[in-house]
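Chemist: Just need the whole structure built from these sequences, with the hints factored in.
Here's the letter readout for the chains.
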Amino acid sequence: MTKDSETDHDHTDHTTDRTDRVATAEATVPPSSERTTDLRPGADNCYKCTACDTSCPVAEVDDEFPGPKFQGPEQWRLKRSEDTDIDESITSCSNCMRCDSACPSGVPLSQMHNTARGEYVEGMSKLSREYVRNRILANYGRLARIGSRVPRLTNFVMSNRVTKWFNERLLGIASEREFPAFATQTFGEWYEERGGPQIESEDRRIAYFHGDYSNFNTPEVAKALVRVFEAFGYEVVVPEQRCSGTPMFANGMLEDARRAAEFNVDTLSALVEEGYDVVCSCTSCSMALRQEYPELFDFEGTEQVAAHTYEALEYLRLHEDLDGALSESEVDGEHPELAYHAPCHARNQGLHRQALELFRELDGVAIEDVGDSCSGISGTYGWKSEKYDYSMEIAEEMFEHMEDADGTTGLTECPTCAMQMEHGTGYEIDHPLEVIEKAVV
Amino acid sequence: MAISEDVVVIGGGLAGSVGALSAARTGASVRLISHKESTLRHASGLIDVLGYPNGGEQPVVNPFDALDELPTGHPYSVVGASGVRDGLALFDEITGDLYVGGHTDRNALVPTQQGTVKPTARYPRSMAAGLASDDREMLLVGFESLSDFDAPLAADHLEAAGVPFESRGVTVRFPADLRADAKLTRFATALERARTVRALAETIEPHLDGAERVGVPALLGEDDAAAVRADLESRLGVSVFELPGGPPSLPGVRLADRLFEALDSAGVHVSTGVPVVGYEAEEDRITSVLVDRGSHAPHPYHAREFVLATGGLVGKGIDSDRNGVREPIFDCHVPHPEDRYDWFLDEAFGDHPFARFGVIPDDELRPVDNQGDPEFENLRAAGSVLGGANIAAEKSGSGISLATGTLAGRLTREAI
Amino acid sequence: MVDSPEVLVIGGGSTGCGIARDLAMRGLGVTLVEKGNLTNGTTGRMHGLLHSGGRYAVSDQASAKECIEENRVLRDIASHCVEMTDGLFVQRPEDSDEYFEEKLQGCRECDIPVTVLSAEEARTKEPALAGDVERAISVPDGAIDPFRLCVANAVSAEQHGARIETHAEVTDVLLEDGAVVGCEVRHDSGSGKRVHRTPGTTEEIRADYVVNATGAWAGQIGELAGVDIEVRPSKGAMVIMNVRQVDTVINRCRPKGDADIIVPHETTAILGTTDEEVDDPEEYPEERWEVDMMIEELSKLVPILRESRTIRSFWGVRPLYEPPGTGTTDPTDITRDFFLLDHEERDGLAGMTSIVGGKFTTYRMMAERIADHVCEQFGITADCRTADEPLPGSEDFEVLQDHMEAFGLRSPIGRRSTQRLGSRAEEVLTTDDPNPVVCECEAVTRAEIQDAIDQSGTDLNAVRIRTRASMGNCQGGLCCHRMANELHPEHEEPTVRTALDELYQERWKGQRHALWGEQLSQAMLNHVLHGTTMNRDRDPARHETVNFDAFDAGAPDSGRREEPDGD
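Quick note, the sequences are listed as chains A, B and C, same order.
Counting with the numbering used here, you get residues 51 to 491 for the letters of the first sequence.
Counting with the numbering used here, you get residues 41 to 456 for the letters of the second sequence.
Counting with the numbering used here, you get residues 77 to 643 for the letters of the third sequence.
Derived from the structure by calculation, the hints contain no laboratory data.
Just so it is clear, the structure is predicted and the values come from calculations on it, not from any experiment.
Incorrect hints may have been included.
Claimed, not checked - Pulled a few chain A residues facing chain C out of the computed Cβ check, cut under 10 angstroms:
{"no.": "1", "residue": "P116"}
{"no.": "2", "residue": "F120"}
{"no.": "3", "residue": "R127"}
{"no.": "4", "residue": "E487"}
All C-beta atoms, glycine included, are put in the ideal place defined by N, C-alpha and C.
Modeler: As structure tokens, this is what we get:
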């Protein structure tokens, strides 16, 4: 991992022709008055302390990216209403949102980035390789729905060298990456097979927002959530749902995100009305529901869903005595040493130390923090061939700390961070819910 | 379920961090709540104790000799010389070989990127070879695209200050092909590759011309700074040092990282990303602070003792509008002139009243109300949220944070 | 009769620079002297409105007609200084229908194109408008950068052979045989470009004719010449917001009053204004109530203003004039028309004319009248060409806008640079050297700073008005020293330091009126950066000698040669 970052990256191959505003079938794009949010007032909060730039993992390795301050408050402040030119470098932002958690002054940085990226992508050629590739990556869930119908075949095809070559050359998807395998039974199928909720409760009821990944790829995480919450006496319902939108925001596919978000808000707000809280096992999903939806959309019920959305461990710590339960439990030797990485999206929600705090009190488990760097994959960022090397360079610190850790098991709440951790070290990566399941179920 | 600790410290800067570490000394459970990254990360990384008491223009050699001259109401008059020493001792323990200065009480004069020198009590080891009282010939090296630092100008400025050595400056192109708007962290990361250090040495070498030490802006590596500097020194065969500047400021980032490691190994629970927005109290004791967890209703964090280390006007521990100045969490008394036109002086570097805005502590560092009585029995304040000092003019900010943070932590653990 | 007369123009505001350009283009020899920077007086202290004439359409139709005429001219010749924002006259529930109709009628009578917008249409055009506004009249108001316009006029004058001397204060008017024959000026730092710390000099500039274009200061020049010019300076306060809350000029549709206009100006919005007669154009109170009133009153039109960040406030003095004996008491009633005072006719003093009154939008027309008058004195018949020939920077600007992503600059830096430089962009921005952004708030690169330094020497305030560097939200806290660094090595360290101190102090001056909330935090950050981190406030280079030997010279293991003496 001592890639020569100064010279080897090709900065030009993803250049898009921005003047080529090809009209496409995106007929659902609403007129611009509904679409553009004026975020200039957000620049009022900035006093140029530059904490955002210093915290940006991308700017540290890729000088094509001019940093969150430029792409955020500075760019917005320089805007006149008719200006639509967004610098291409907005596509280099990985949407890790570290700038949000750095800014001491409340500048809505990621909202500014998301909005600018949406505007940029709107002006992109819908026929460009980059657009097509980003659209595919952003809509992982749609493909997964198809792929998981024939999981073994899909897994075979996706791990095939020919497929990888094709992906790299035609789409710009990094051939170094292994496509995550589809489970032979999705979480949804399992949940249906077991007959839905096993407990019914008026006062302890949650709606589980599992996201696409734990449904199609890591159903064991989702199952762990159900079992843990049931162990605490909760009724767990699993509503129909779409992707949280996280990968869509990161790729500027705001219309795709809008459609997904509208569906989710519609479904979840109805459940909130009935007294359910929304619980996520993925910190990016909870971030989307809590922060990005209210920042970017205003469907009826958006705020209400945000106010009732929690990450799973957070929920149990706030509403149950999870700390007490764990300190009185122990697990057998299956998880001797856990190398824990806190996902960037956990930070803004105040969650990035919770697994450490909990598992330090749990007998039979040793947990080690692998540092506060970003994992570098940031959802879809590390999947792009032109970003792969940067992604690995960002992750270097995390990999080193993982290598230094005593065990060979990693731990994180975020599925794509888990992919990166596994990719860089070959460790098996668990989710905290799986550890809790072993302790309390 | 209630989140509960013995001590909650609000604010993750220098004062909050040492406060938490000091409170955790005897095994108390401590939670530090830091909304966002602290202002420490864009500070210079120097630890000033006292440079210019009472508006003086001549730097004091020994800050401990000058502490007595400070007016009542100055935070140092509450903690006293022993408090300052306690703070520095804790700091030295935390930072180990990352910092120098503990060998003497005297101030060091550290050259800045501006070409000024400034008095400070502790300085990062990476700046040690640059001291202005050292008479070795100096070469300053700047980089074309970094407009903050003009090395030839800074060298001339040092000579204008009458430093006891010859100083020259040169501007070179950074030996990696970075864009003109590359961030400082990008330079630092590039230098963590041996290849770039080698190229930098080759770039500087022809300009050495007898200089015995070389100064560059503070960008010699982020995570691996000591190794980068050592490598550059061995290639050049002379001492290398960094000049403070910023923001952005990597020495500030490095110090913040070191403090975080110390907090982690002391078992302090750290919550970040969530602001404290209010409190619950019974009579004159705070029972919990309310933490805004994003979209949710504020959640109480319980403790027996609380430390307020939220910073000053920059850190937003002190807030203002057209009509007044306040401490936003507990609404502690912040004395200030009624007319906002009395908050400043007309000279840019005047002794501005706003620079002294902050809460007023009693002799146990408890913020007092306008009658002089403690606002709460179990709330102490530390760092820039305290009023009464013009830290920019005095060069006293870090020292006040260390001394008051350490004392607040000690009083807190004694109170439990 | 002189063949090629030499004319001395006093005053480097829009009028003076406009006159200098006009005369130089007609082939006359011109020297312009200005006691401070260009725009130092009233020109640099206005809200930047390019009038459509709508504001005068009821009360002063002659002025209104001149405004719309000149509005059209300036869009053409000064396109890189003008942003056609459009303007709205907005009616609130408490504003009278009658006045609204009068305004509409007045605009039509003055040939000002108008459209009436319903409340909903007005809010579609300008989403920040209050929910309870009734309706609006849309007019072709615009925004204009007075600094850029004034500098462009001076540059054009220079290109036509004029000599422009800034920081050259008139200390005496030279009289011979009952006629004005020139002036004595004191150059702050020698003649030519200003360089700090260069000793001042005095010069007698002889001229065949003198034009006093000093606006509110005209009386002071008059006094030196022994004539009475009763200018009635009237102050107006303006508050600068950090961002543009609006992209359209917003006027309150009611009869004259304070705090009734918001102008989107470059990256900011400027709130204006007040109108109060003052005795001295330089010494008058700048008061809190004026700032507060601006925010409170204009929040009724644009509510977000109440919670928004202001970065500074400033005051300007209108050079109002009325002929002796008119006796108007309220300054708002004094005409905005301009007056040409030929002192030969008026006072029997040959060789000098003063121009007073008037307004920025019609500066060119005023300059043309004066230039005609001067030419008449010498029987010169050359035509005025200032209405047709674009100013430097405004040639082929439309073509250039298509190429503003060039110069290796990111958008919006390239866009903003081009908006400021106009057709000079390529000449200024093309460089083989790294061209980092020096002022991040306003997106000003090193190349543009260097170009401004070439024009104006070490005067960083002159660099500022040319580039907008240090005019953003940090008010120079993060970039003043970077700008100063650009002066080296052409200028020596002490000169650079003095220039930096001057700019920093100037930036502080206006910020004092915005010190609460975000800007107070910014001020403290700047104070800590320049004081704590840089020690600029107690810089040993400016104070007495420091005894370096007495301080810590390093730990015993530091590798330096000398052993430290123990404590």
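Chemist: Look at each hint and say if it fits the structure.
Modeler: The hints, checked one at a time:
Taken as an interface hint, P116 of chain A checks out: its beta carbon lies about 6 angstroms from the nearest beta carbon of chain C, inside 10 angstroms. Evaluation of the F120 of chain A hint against chain C yields a held restraint, the C-beta minimum of about 7 angstroms falling below 10 angstroms. Checking R127 of chain A against chain C by beta carbon gives a least distance of about 5 angstroms; that is within 10 angstroms, so the hint holds. With a cut of 10 angstroms, the hint placing E487 of chain A at the interface with chain C is violated, because the nearest CB-to-CB distance is about 47 angstroms.
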